[in-house]
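> Read off the chains here:
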Amino acid sequence: MGVDRREFLKIAGYAALFGLGGKAAIDILAPGELEASMEGIPLTQGKRWSMVIDMRKCLKQQEAGKDGCKECIIACHREHNVPDWGNPKHAIKWIWQDKYEHAFPEHPNQFIDEGVRHKPFILMCNHCLNPPCVRVCPTQATFKREEDGIVAMDMHRCIGCRFCMAACPYGSRSFNWGNPRKAPKALNPDYPTNRAYPERSKGVVEKCNFCVELVAKGELPACVQACDKIKVHALNFGDLDNPESNVRKLLKEHYTVRRKPALGTEPNLFYII
Amino acid sequence: MLERAIKGTSGYWGWLIFLLALMGIGLGCYLYQFAEGLMITGMSRDVSWGLYIGQLTYFVGVAASGVMVVLPCYLHDYKAFGRITILGEFLAVASIIMCLLFVFVDLGNPVRIMNVILYPTPNSILFWDMIVLNVYMLLNIIIGWNVLAAERKGIHYQKWIKVLIYISIPWAFSIHTVTAFLYAGIPGRHYWLTAIMAARFLSSAFCSGPALLILLCLIVRKVTKFDPGKEQIRTLAGIVTYAMIINVFFFLLEIFTAFYSQIPGHMHPIVFLFKGLEGHGNLVPWMWTATVFAILSLVLLIVPATRRNEGTLTVACIILIIATWIDKGLGLIVGGFTPNPFETVTDYWPTTPEMLITIGVWATGFFVLTILYKIAISVKEEAAA
Chain A
68 MGVDRREFLK IAGYAALFGL GGKAAIDILA PGELEASMEG IPLTQGKRWS
118 MVIDMRKCLK QQEAGKDGCK ECIIACHREH NVPDWGNPKH AIKWIWQDKY
168 EHAFPEHPNQ FIDEGVRHKP FILMCNHCLN PPCVRVCPTQ ATFKREEDGI
218 VAMDMHRCIG CRFCMAACPY GSRSFNWGNP RKAPKALNPD YPTNRAYPER
268 SKGVVEKCNF CVELVAKGEL PACVQACDKI KVHALNFGDL DNPESNVRKL
318 LKEHYTVRRK PALGTEPNLF YII
Chain B
22 MLERAIKGTS GYWGWLIFLL ALMGIGLGCY LYQFAEGLMI TGMSRDVSWG
72 LYIGQLTYFV GVAASGVMVV LPCYLHDYKA FGRITILGEF LAVASIIMCL
122 LFVFVDLGNP VRIMNVILYP TPNSILFWDM IVLNVYMLLN IIIGWNVLAA
172 ERKGIHYQKW IKVLIYISIP WAFSIHTVTA FLYAGIPGRH YWLTAIMAAR
222 FLSSAFCSGP ALLILLCLIV RKVTKFDPGK EQIRTLAGIV TYAMIINVFF
272 FLLEIFTAFY SQIPGHMHPI VFLFKGLEGH GNLVPWMWTA TVFAILSLVL
322 LIVPATRRNE GTLTVACIIL IIATWIDKGL GLIVGGFTPN PFETVTDYWP
372 TTPEMLITIG VWATGFFVLT ILYKIAISVK EEAAA
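Sequences listed follow chains A and B, in order.
Just so you know, the numbering used here puts the end of the first sequence at 340, numbered straight through with nothing missing.
Just so you know, the numbering used here puts the end of the second sequence at 406, numbered straight through with nothing missing.
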């Protein structure tokens with residue numbers, strides 16, 4: 068089919084940017100965003116999006132601040148109108164932190180390195196290559212995008228049967244137990260936080276969508292942008308299918324682990340520990 | 022034949038009004054749930070199915086158990102059951118109605134229920150469950166109604182009904198197998214990930230369903246002029262006994278695999294249910310009640326004297342139903358979700374509105390059952406007269 072108009076404009080745009088002065092130009096427009104994550108662009112052409120999370124960098128940043136670091140979580144939840152219910156039973160989580168032992172319960176080790184013991188790991192949807200949530204959904208409301216591997220969720224088709232929540236072995240799916248607009252105002256003073264992103268009704272499931280709406284515009288996921296903004300670069304988003312990509316480079320150079328690999332879901336999230 | 026449902030004693034009408042009242046309360050609570058969302062239930066992001074889906078599972082079993090009267094009657098030509106096949110079939114119809122309602126009240130977005138048909142998804146077990154349950158209900162309505170109509174006219178039912186009857190026999194096994202597959206094919210839920218799940222479901226169905234049928238037969242004998250028969254009840258009791266032995270045996274197999282292998286994931290849900298885990302153990306008294314009742318019912322059923330005595334048989338059936346209900350309608354679901362994927366425990370207990378909605382659905386099922394039984398028994402009384 069060749070290059071369509073949209074793609075041409077995009078390439079022309081990038082060319083103009085780089086022509087203007089390459090990295091420097093991007094640094095002026097969005098300081099600090101480029102270093103780790105922008106390799107592997109154009110973002111609209113990934114075949115198998117994945118993320119490599121460098122927990123060494125992340126934990127260092129978390130320990131630097133008095134209250135840790137929640138930049139990625141704040142950015143994601145603002146981007147996607149995720150309300151705070153103030154009740155862990157009804158919590159909606161797209162990206163969150165939980166301690167190592169909870170993130171990797173299949174790796175029990177009484178004498179584990181103090182560097183990870185009880186340390187808060189970053190968790191989100193694994194965008195599995197073989198997602199059980201997609202297998203069980205009776206309406207195809209959750210589906211795997213053939214073109215780039217993102218496990219997406221149509222919150223406007225979901226009937227709220229919660230079969231996917233039973234099927235996901237990572238606890239990555241959340242249900243709207245109530246109407247998001249009725250979440251406590253004190254905890255959500257400026258809800259909805261992003262009018263450009265669809266709101267949903269009560270009674271549907273939602274989850275991390277790898278910021279499919281931003282990727283489509285050639286932007287990095289909100290969490291990655293937030294992490295890059297504070298120059299931590301712990302979250303690396305890239306195309307696993309491209310041997311030259313940033314993520315493939317990281318995987319080549321570091322020992323990485325995935326959550327519950329024995330279940331055969333083939334997570335596309337990797338952790339450098 | 023329907024007109025027989027509107028001619029009855031004051032006891033009949035009183036019972037229906039009582040059920041209608043419970044249905045009304047359930048409907049009121051459902052409207053509240055419909056407005057506020059499922060947050061009015063005890064379910065949570067960790068235990069995301071609860072009492073409703075447990076009831077679905079239990080009553081699919083009761084529905085499937087109709088085959089325990091149909092199969093001996095039509096495949097083994099056990100004529101005595103010809104008298105009560107209609108009771109088994111109509112119990113199946115009422116049970117499936119409950120199942121469908123339990124799925125409905127569990128949906129977060131029930132107005133979109135037709136999406137299951139608009140976007141048919143063969144890789145989803147829920148899609149197949151929808152198909153097998155609805156077809157099974159239709160089969161039982163058509164078979165039951167036609168056989169009953171023929172009986173009323175004193176003629177033999179048409180030949181094509183026999184074809185449907187033969188289809189309905191494997192179909193009964195399929196509904197509970199498919200329901201077991203809802204759970205047994207999910208990675209990472211240790212309590213459910215067992216190849217023996219469908220077999221366990223069928224064995225527990227084939228004891229609890231016929232046990233309920235025995236109780237219904239005894240009630241029918243008491244309140245109507247129709248006697249389902251001593252021999253019939255005795256044969257049903259034999260079926261209940263064998264099925265319960267197999268059911269308990271299958272459960273012990275699970276215990277062996279979990280605790281001899283010592284694999285933590287396999288042990289944790291069972292420890293949670295019977296001993297409590299990480300300080301959470303609200304189901305422990307329930308599970309031990311189920312255990313004691315299961316053993317007691319087995320003793321009463323295995324000893325010939327107590328099995329043949331209708332008084333002790335009634336007790337055995339009641340405690341067997343309670344034991345299997347706790348196991349399947351409560352422990353199975355919560356145990357599957359506990360511990361959660363992070364190996365932590367979140368408590369689940371149904372809220373009052375959740376229980377009232379559940380009672381409302383039960384009442385609806387028994388309302389349908391009462392009317393269907395009233396019609397069937399009126400026809401049988403007339404045929405006998």
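Everything labelled a hint here was simulated from the structure, so no lab data went into it.
Treat the hints with care, since some could be wrong.
[What the hints assert, rightly or not] Straight-line distance between alpha carbons at most 16 Å, and here's what the computed EDC-like set of lysine to aspartate or glutamate pairs gives:
1. 284(A) <-> 266(A)
2. 186(A) <-> 151(A)
3. 249(A) <-> 368(B)
4. 156(A) <-> 368(B)
5. 327(A) <-> 364(B)
> Confirm or reject each hint.
Here is how each hint holds up against the structure:
| no. | hint | verdict |
| --- | --- | --- |
| 1 | 284(A) <-> 266(A) | violated, 20 Å |
| 2 | 186(A) <-> 151(A) | violated, 23 Å |
| 3 | 249(A) <-> 368(B) | violated, 24 Å |
| 4 | 156(A) <-> 368(B) | holds, 9 Å |
| 5 | 327(A) <-> 364(B) | holds, 12 Å |
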